[in-house]
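Visitor: Each chain, letter by letter, is given below.
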Amino acid sequence: MDDAIIKVNHLAASYRRNTVLHDVSFEIQPGSLTGIVGPNGAGKSTLIKTMLHLHPPLKGSVRFFGLPFKKVKKRIGYVPQRGSVDWEFPTNALDVVTMGLYGQIGWLKNPSNLHKKKAYEALDKMGMANYANRQISQLSGGQQQRVFLARALVQDADLYFMDEPLAGVDAATEVAIMTILKDLKDSGKTVMVVHHDLQTVKGYFDHVLLLNRTVISHGKTNDVYTKENIAKTYGGDLRWMREEQTHVVHSIE
Amino acid sequence: MSYTGWIILTASLVGLTCGLIGVFLILRKMAMMADAISHTVLLGIVIAYLITNELNGPHMLVGALLAGLLTAVLIQWLQTFNIQQDAAIGIVFTTLFAIGVVLIATSVGNAHLDVQHALMGEITFIPFNTITLPLVGNVPQATAMLIIVFFIVLFFILVFYKEWKITSFDPALAASLGIPVLLMHYLFMSLVSLTTVASFDAVGAIMVVAMLITPAASAYLWTDKLSIMLVLSGSFGVISAILGYYLAAWIDTSISGSMAFATGIVFLVSFIFSPTHGLIGKYIKPVKG
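Residue numbers (this note's numbering), protein chains in the order written: chain A, 1 to 253; chain B, 254 to 542.
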């Protein structure tokens, strides 16, 4: 079967002189919703950034739709970690969402009313229509994350990468975001999400990529999200609270 | 125009241009970069003088532009060796500035170019050094240069408005959308260099930092909209320039020093009275938790 939408081959990357990723290889099937799971410092964010040329690779190759990244940029949407931007920036929610369209608008042109309308619809989809003109520093953490999601939606990409979209958000936002991710998947989009909550992996993702500097295991969640693989990923320092699914990860360095 | 008129016009142009550029310096968290470039353009001016043996507008602009870009490139390059940005800035600008100072002392020391002048500027002499332009007649050279640089800066801000906004707010998203983030960075550094060198004659290398940073930092306290912040910052720059001139005339002191002092007053007023970010505003309406 050779219909993979993403092919990563022997990818390696370093961060401040430490090799963070080595020999990372995997293939992603179209229409899948994949959770990238691993301990702190496992290179989850670095993996996404390296795939999107935001971080230089040491070696290896990444192909999307069989093509290099540069040729397919416009078909890929990226949602950075919420903490990566300054929310005191003088702008409002609608404006941030409109930024997702800047690539399509092109040079020397300003966003038209049509672009604003699209951005407003995306905000509405995230339940944020009432906050369109709100200064972004006045939004709660969950609302800020919804704005980021709306910005990704408005890009109308085929492939989405999201870095911890559920980190530090309220329960309602978590439900709203997961609904949108499932909608995206159902409409044939492919989504990769860096995720940190081991308890929800089974319920949220149909595929899982267990990562700790290299791929520990990757495949359908039901097949690979096993006690053994999780223990292998987290270095065995994992205590099972109950024999089923609830467990706690102790901080390891 | 009268002698006083030219000085106020020149000072206002400094305030206006620096105010506009300063907004992006603040939003990109690059205030230290302004400090660096304001010093290293001295090297560019000295080398331009050594090559052409003249101290006039176009040569100085080109020299400063190249020095500013060299500064930005060297700082970017040092960072690839895992040197912290603030350390990289400190290393590069002191070294390049020192070379400029040494060159002035050894090779070009004369009445037109000295370290004191470069650091403090001397706006009172500006009306004496004029050029004749078609239609408008005699214009002080420094003023003409500032007018040109103001329009260059305004042009680039308007033309790339949304690109400045997105590369300042979220460079990672900008890069993933195909916007050349690094190129925009160097273009911005070029604009900072041009602004600095054009302001040099009037306010010097140290005061230009005040004109770049303080009006923009004040404007930041008054508004939540980028376009309004630009307008406010430019206005604060002009107000500080005019206020500074009359302050200097009143207590008979350095004009550039008074202008920088006036930016400080504008900031203090903003810091106390701004409805959203000011001390009083916070006291009356505590920030919701």
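Hints are computed from structural coordinates only; laboratory data are not their basis.
Careful: at least some of the hints might be erroneous.
[Stated by the list, open to error] Stretch-level coverage of chain A by chain B, calculated; a stretch enters the list once three of its residues show a Cβ under 8 Å from a Cβ in chain B: (1) 44-55; (2) 68-76; (3) 99-112; (4) 190-202.
[To be verified] Label-pair restraints from in silico Cβ distances: (5) E88/A with Q332/B: 34 to 44 Å; (6) Y536/B with E88/A: 13 to 23 Å; (7) G41/A with Y536/B: 37 to 47 Å; (8) W330/B with S61/A: 56 to 66 Å; (9) K535/B with D86/A: 43 to 53 Å; (10) D3/A with T529/B: 47 to 57 Å; (11) Q329/B with F65/A: 27 to 37 Å.
Small disclaimer: the values here were computed from a predicted structure and weren't measured.
Ideal Cβ placement from N, Cα and C applies to all residues, glycine included.
Visitor: Check whether three or more residues of the segment 44-55 of chain A sit with their beta carbon closer than 8 Å to a beta carbon of chain B.
Guide: Since three or more residues must qualify, the claim that chain B covers the segment 44-55 of chain A holds, with 4 doing so at under 8 Å.
Visitor: With respect to the beta-carbon atoms only, verify the hint that E88/A and Q332/B lie 34 to 44 Å apart.
Guide: For Q332/B against E88/A, whose Cβ atoms are near 24 Å apart, the range 34 to 44 Å is violated.
Visitor: At a Cβ distance under 8 Å, does chain B reach at least three residues of the segment 99-112 of chain A?
Guide: Holds: 9 residues of the segment 99-112 of chain A have a Cβ under 8 Å from chain B.
Visitor: Taking 43 to 53 Å as the hint, is the beta-carbon distance of K535/B and D86/A inside that range?
Guide: With Cβ atoms ~20 Å apart, the hint is violated.
Visitor: Holds or violated: 47 to 57 Å for the Cβ distance of D3/A and T529/B?
Guide: holds, 53 Å
Visitor: Should the hint that G41/A and Y536/B are 37 to 47 Å apart at their CB atoms be regarded as holding?
Guide: The hint (37 to 47 Å, Cβ to Cβ) holds, given that G41/A and Y536/B are roughly 43 Å apart.
Visitor: That 56 to 66 Å hint for W330/B and S61/A (C-beta), does it hold up?
Guide: violated, 27 Å
Visitor: Indicate whether the distance between the beta carbons of Y536/B and E88/A respects the range 13 to 23 Å.
Guide: holds, 20 Å
Visitor: Are at least 3 residues of the segment 68-76 of chain A within less than 8 Å of chain B when you compare beta carbons?
Guide: holds (count 3)
Visitor: Can you take a look at whether the segment 190-202 of chain A is actually covered by chain B? Rule is 3+ residues, C-beta closer than 8 Å.
Guide: violated (count 0)
Visitor: Okay, Q329/B versus F65/A on CB: inside 27 to 37 Å?
Guide: Holds - the Cβ-Cβ distance for Q329/B and F65/A, about 33 Å, lies within 27 to 37 Å.
Consistency with the previously given hints fails for numbers 4, 5, 8 and 9, ordered from lowest to highest.
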